[in-house]
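Asker: Chains as they are written, first to last, in this note's numbering: chain A, 1 to 230; chain B, 1001 to 1255.
Hints are computed from structural coordinates only; laboratory data are not their basis. Heads up, a few of these hints could be off.
Computed cross-link-like contacts, DSS-like style, restricted to lysine-lysine with a CA-CA straight-line distance of at most 30 Å [what the hints assert, rightly or not]:
| hint | chain 1 | residue 1 | chain 2 | residue 2 |
| --- | --- | --- | --- | --- |
| 1 | A | Lys82 | B | Lys1038 |
| 2 | B | Lys1038 | A | Lys162 |
| 3 | A | Lys82 | B | Lys1127 |
Each chain is listed here by its residues.
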Amino acid sequence: MTQHAGRHRHIIAVAVSVVLALVGAVVVYGATRTSEGPPQSPSGAERNQSPSVAAPPRGSDATSSPSGGLSAKSSDPGTVLKASPPVAIDIPSIGVRTNNFVNLGLASDGSLEVPTDFSSIGWYGAGPAPGQLGPAILAGHVDSHNGPAIFYRLGALRPGAKVIVSRKDRSKATFVVDRVQSFAKDRFPTALVYGSTTRAELRLITCGGSFDPKSGHYVNNTVAFAHLID
Amino acid sequence: MRTSHKLATLVLGSAAILPLLGAGTAFAADGNVSANLKPVALNGVNGSGTASVKVTGTTIAVTMAANGLLAGSPHAAHIHFGADARHECPIASDDANKDGHLNTTDGGPAYGPIVVSLTKTGDTSPKSALAVERFDTAQGGKISYERGSITVTQTVADAISSGKAVVVIHGVDYNKDGKYSGSVKSELAPTLPTEATDPALCGVLSAMPSGGVATGAGGAASGTSNDGMIALGGGLMLIAAGSGVYSVRRARARS
Chain A
1 MTQHAGRHRH IIAVAVSVVL ALVGAVVVYG ATRTSEGPPQ SPSGAERNQS
51 PSVAAPPRGS DATSSPSGGL SAKSSDPGTV LKASPPVAID IPSIGVRTNN
101 FVNLGLASDG SLEVPTDFSS IGWYGAGPAP GQLGPAILAG HVDSHNGPAI
151 FYRLGALRPG AKVIVSRKDR SKATFVVDRV QSFAKDRFPT ALVYGSTTRA
201 ELRLITCGGS FDPKSGHYVN NTVAFAHLID
Chain B
1001 MRTSHKLATL VLGSAAILPL LGAGTAFAAD GNVSANLKPV ALNGVNGSGT
1051 ASVKVTGTTI AVTMAANGLL AGSPHAAHIH FGADARHECP IASDDANKDG
1101 HLNTTDGGPA YGPIVVSLTK TGDTSPKSAL AVERFDTAQG GKISYERGSI
1151 TVTQTVADAI SSGKAVVVIH GVDYNKDGKY SGSVKSELAP TLPTEATDPA
1201 LCGVLSAMPS GGVATGAGGA ASGTSNDGMI ALGGGLMLIA AGSGVYSVRR
1251 ARARS
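Build out the structure end to end from the sequences listed, making use of the hints.
Answerer: Below, the structure is given as C-alpha cells:
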C-alpha cells in the first residue's frame, strides 16, 4: 500500500470519527434539550399573590354585612357576559392560539374529560361559558406521546398576562391572569378550581410536575386562574 | 418507594380513623357539588349564576353568585329535593295551568319541595321559605351569597352529594316595572304577587369534576422517554472516540 493511499484512508477515518462524534453530540443535545420538560409554574412563589382582589366596592355600600355574625356578603362582580360557548382562544404571552375547541363532560371515574386531540382545548360545558358569572373551565394537554401539545407552555404563564376568548356570539372575553399554581393531583383543590365565584373567572388546566412512567400520567396539574376584565 | 410510603400512610391513616367511626356508622357521602344556574323556562329572566355546596356529614356550606335579577327586591333562594321528583329544573311542559309562566308549584315535579332556605341569617329550614326580610335583595341585580354551618338531615345531605338536589332563586319581573307587582297572587303566599315567588334561576347540584385532570401523555416530559436517544448519541460518540484513537495510533505507527 502506498503512503498516499494510507494517508487517504487516515483522513477518511478521521472524518468518519468527527461525523460520528457530531451526530452523537447532536442526538444527546436534542434528547437532553427536550428532556427539560414543559415549563413549570413557580411552586408556591405565587401562592401569596392575593387571589381575587375584586375591584374595591364603590361608594358607601362598602359597609360590612348587615347584622353581624353572618358570612353572607355582597360585592360587585364587575363585568359579566351572557352565555355563549367559546370558539377560539389567544394567549399572546405564551404563543397559544387556536380555534380548535371541543366540549368536555365527566369521565366514568368522575374526573374531567380531556380532549382526544392534543392540539384541542376542551370546555367543560356543564359549567359557565367564559365571560359568564362563575368559573369557566378550559383544559388542554401539556404534551402528546411524542412532543409538546397545546398547553405546553401554560406553566410559563404569569400574573397580569391576557387571555382572550372568542365566543360563538362573536363577542370577545378578555381575562387577566391572577396566578398560576401547580397542585398534586391526589390533593387537587376541587372547590377552589370548580367552585362558585363572585366574578366571571377562567381556569386553564393542564398537567405539570414530573411524569410518572409507571402510571403514564403527570403527578401534578398546573392551573391558571384568571378573571374577566373586558 | 414513594408508592410504598403512600401505602403506609394510607394504612396508618385508616387505622387511625377507623376506630373513631365505630361499628355501624354509615360513611357520610361527603362531597363538593355545584350548580350552573340558568333562566327558568317561560319566566324570561336574563341572568345566570353558579352555586357550590360542600357537604361534610350533615353540615353544608353554600356559596352562590348570580346576576340579571330584579334589582333591589328580595329573592328567596332554596335547595329543593324530593325523593320522587325528577331532580332537574322545570321545563315548559311543566306549566300545569298553561298560564305561560312556571310558578314554584309548577316546578314541584321537577325539583320537589324546599329542603333548605338559603337565608342570610337565622333559621334555614323550609319554615323560612318566604322570610323575605332575610334573603338577599340583589343590589344591581346581583347576588353574592356565602353561608357555612347549615345543618341538614342525613337524607338531604345524601341527596345533595348524590346530585339530586336543585338550587332555585325566586323572584321575577314579568311586566318590567322594576318591582314585584301584578294582579296574579302567589300560590304560596296570597299577600304577595306571583312575581315575588316564581322561580327565576335554577340549577341541579351535581358533582364537580373529581381529582386531577389527565392532560399529558409524557412525550415532552423531563428525563423519561429520551433515555434511549441519549444512550444512542452517547454510543455514537464512543464509537467516534474509538475510531479516532485507532486512526491516530495508525498514523503514529506509520510515521
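Asker: Next step is simple, just say for each hint if it's right about the structure.
Answerer: Checked hints:
With a CA separation close to 11 Å, the supplied pair Lys82 of chain A and Lys1038 of chain B stays within the 30 Å bound. For the hint linking Lys1038 of chain B to Lys162 of chain A, the alpha-carbon distance of about 28 Å falls within 30 Å, and the restraint holds. About 34 Å separates the Cα atoms of Lys82 of chain A and Lys1127 of chain B, which puts this hinted pair outside 30 Å; it is violated.
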